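Trainee: Chain by chain, the residues:
There are 2 protein chains.
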Amino acid sequence: MKPTILVVNDDGITAPGIKALMDVMKQIGNVVVVAPDSPQSGMGHAITIGKPLRLDKVDIYEGIEMYRCSGTPVDCVKLAVTKIFKGKKPDLCVSGINHGLNNSINVLYSGTMSAAVEGAIESIPSIGFSLDDYTLDADFSHCEKFIKQIALMVLQNGLPTATLLNVNFPNTAHIKGIKICRQANAKWAEEFDERLDPYKRNYYWLTGVFQNNDLGEDTDVWALENHYVSIVPVQFDLTAHHAIPVLNSWKFDV
Amino acid sequence: MKPTILVVNDDGITAPGIKALMDVMKQIGNVVVVAPDSPQSGMGHAITIGKPLRLDKVDIYEGIEMYRCSGTPVDCVKLAVTKIFKGKKPDLCVSGINHGLNNSINVLYSGTMSAAVEGAIESIPSIGFSLDDYTLDADFSHCEKFIKQIALMVLQNGLPTATLLNVNFPNTAHIKGIKICRQANAKWAEEFDERLDPYKRNYYWLTGVFQNNDLGEDTDVWALENHYVSIVPVQFDLTAHHAIPVLNSWKFDV
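Just so you know, the protein sequences line up as chains A and B, in that order.
Mind the numbering: the first sequence is residues 1 to 254 in UniProt numbering, read in order.
Mind the numbering: the second sequence is residues 1 to 254 in UniProt numbering, read in order.
Misleading hints may appear alongside valid ones.
Pairs involving identical chains hold if they fit within one copy or between any two copies, as the list cannot separate such chains.
The list that follows gives simulated cross-link-like pairs (lysine-lysine, BS3-like), each with its CA atoms no further than 25 Å apart [said to hold, decoys possible]:
#1 K148 x K176
#2 K176 x K86
#3 K145 x K51
#4 K83 x K200
#5 K88 x K148
#6 K57 x K19
#7 K200 x K51
#8 K26 x K148
#9 K88 x K2
#10 K251 x K179
#11 K251 x K176
#12 K251 x K26
#13 K57 x K89
#14 K251 x K148
#15 K200 x K57
#16 K145 x K176
#17 K51 x K26
It should be emphasised that the hints constitute simulated quantities derived from the structure, not laboratory data.
Treat the numbers as computed from the prediction; the structure is a model and nothing was measured.
Isolated chain A, as found in the complex (with noise of 0.2 Å):
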């Protein structure tokens, strides 16, 4: 029997980059997507709380069952799960291909990695992919032949308990190959965009700078600098479990 296959992003809906995931996915199983209905990029592990969903089933792309959701990626993953799987879950969870590279750091700001941490909170073996392309028409088809091979690696292999991949590709059609890497210990060094608006009050608007200060070659920034493609195993278990006995050590006094 063919694998159920749930397919999301945080680019929204009409993305290039999820009809690309998609349309690699139709390959190897029974696809549903549910994304966002207008982009959601940098939302994070966001959940909409104070407000009403929506989920609507829409006819976009010939015999892919669709829905487009008002909420953040990880609300996709959610009513997916609970409204449209009815707790029977997918075999797998497919989330991206996102404009723009999730390595390193930006597994935390990124909707497309948090909706894969949803799908595995879940217990559904889980995957973000990500290339290093933020344009509209970025062209994701080097990237195809790897992303069916992880997805069926997966889907075989399953996952260790907890985890998800985090797969980012360069932009290149000349790929060296795959590499396993930890996330580079790296951060954004923010900037704000200084303007005023037409009323003469101030706003700003969020740019920033790269900085991996991180020179280990088994990084995933390493790996894509380098051309390859980093697969980046993701746990959502955030204890620093090093440093409990160094907390235990603490005297206090309460």
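Following the hints, put chain B in place on chain A, whose structure we already have.
Mentor: Coordinates of chain B only, in the frame set by chain A:
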């Protein structure tokens, strides 16, 4: 010299919880408050990239430097570091006191905790505080002596590199003490209220039940149920290091 302390939250600048936190911090340092102008619960690590942000100085509580921000809790920290502190980072970043627990998996959904995570990414010693009471008129008075001591300990000892603290309080004045914990392996069993709007169209509202199947007595859930303050050290390296050898054993053929 008194330490400089950045106070943030996700319940918004007028929430009683941030007032309670600010009042404790005033006893130990120079306080700067930067908080969302409206409630931002459940915003996780969301950042605002597709639209502009406002940051306005406001005069709410006498003698306190305060700014309200139109963005998410993480936006507040980024704007504070870049536009208010301008590179001279605060000595401590505290977030909360959240109206409602942020134990276990809630660390991912919580704007309060994500603000503290962002502080830690900026290399500022950071702590998130949350109380097991969702109501607006929650009583925070029994938390105060613990908050003061934990903040002083962090100022004195620092924290292990790339970690922060997630502190949760039970809703009782009879607290037995402080436990250093790991994040319990629990999740939300989602439900969505399905309703009809005035135009007879469907909408959904997220509800859900917190499900803990983790019986460990070293978890935050156990500590809180047994009337201890829970402290979980949190990290933002999401790499599942134990899964790297597993993935390296896969034979990719691309």
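Trainee: Now tell me, hint by hint, if it's right for this structure.
Mentor: Hints, one by one, checked against the model:
Within a single copy, K148 and K176 get their C-alpha atoms as close as 17 Å, which meets the 25 Å cut-off; across copies the closest is 54 Å, which misses it. When the C-alpha separation of K176 and K86 is checked against a cutoff of 25 Å, the pair qualifies neither within a copy, at 41 Å, nor between copies, at 42 Å. Proximity of K145 and K51 under a CA criterion of 25 Å is satisfied in neither setting, with 40 Å inside one chain copy and 36 Å between copies. Only between protomers do K83 and K200 lie at most 25 Å apart by alpha-carbon distance; the minimum there is 18 Å, versus 47 Å within a single protomer.
Within a single copy, K88 and K148 get their C-alpha atoms as close as 23 Å, which meets the 25 Å cut-off; across copies the closest is 48 Å, which misses it. Taking the shortest Cα distances, K57 and K19 sit within 25 Å of each other inside one copy (16 Å), while across copies they are farther apart (45 Å). Taking CA atoms no more than 25 Å apart as the test, K200 paired with K51 passes between copies only; the shortest distance there is 17 Å, against 32 Å inside one copy. For a Cα distance limit of 25 Å, the shortest separation of K26 from K148 inside one copy, 10 Å, qualifies, whereas the shortest one across copies, 56 Å, does not.
Only within a single protomer do K88 and K2 lie at most 25 Å apart by alpha-carbon distance; the minimum there is 15 Å, versus 57 Å between protomers. Only between protomers do K251 and K179 lie at most 25 Å apart by alpha-carbon distance; the minimum there is 12 Å, versus 44 Å within a single protomer. Taking identical chains as interchangeable, the C-alpha atoms of K251 and K176 lie at most 25 Å apart only when they sit on different chains, with a minimum of 15 Å there against 53 Å within one chain. Only between protomers do K251 and K26 lie at most 25 Å apart by alpha-carbon distance; the minimum there is 23 Å, versus 58 Å within a single protomer.
In this homomeric assembly, K57 and K89 come within 25 Å of each other (Cα to Cα) only inside a single copy, at 19 Å, whereas the closest approach across copies is 48 Å. In the homo-oligomer, the alpha carbons of K251 and K148 lie at most 25 Å apart only across protomers (14 Å), although the nearest pairing inside one protomer, at 53 Å, exceeds that limit. In this homomeric assembly, K200 and K57 come within 25 Å of each other (Cα to Cα) only across copies, at 16 Å, whereas the closest approach inside a single copy is 44 Å. For the identical chains of this complex, K145 and K176 are intra-copy neighbours only, at 13 Å inside a copy versus 57 Å across copies, given an alpha-carbon limit of 25 Å.
Taking the shortest Cα distances, K51 and K26 never come within 25 Å of each other, neither inside one copy (34 Å) nor across copies (35 Å).
Of the numbered hints stated above, those contradicted by the structure are hints 2, 3 and 17, listed in ascending order.
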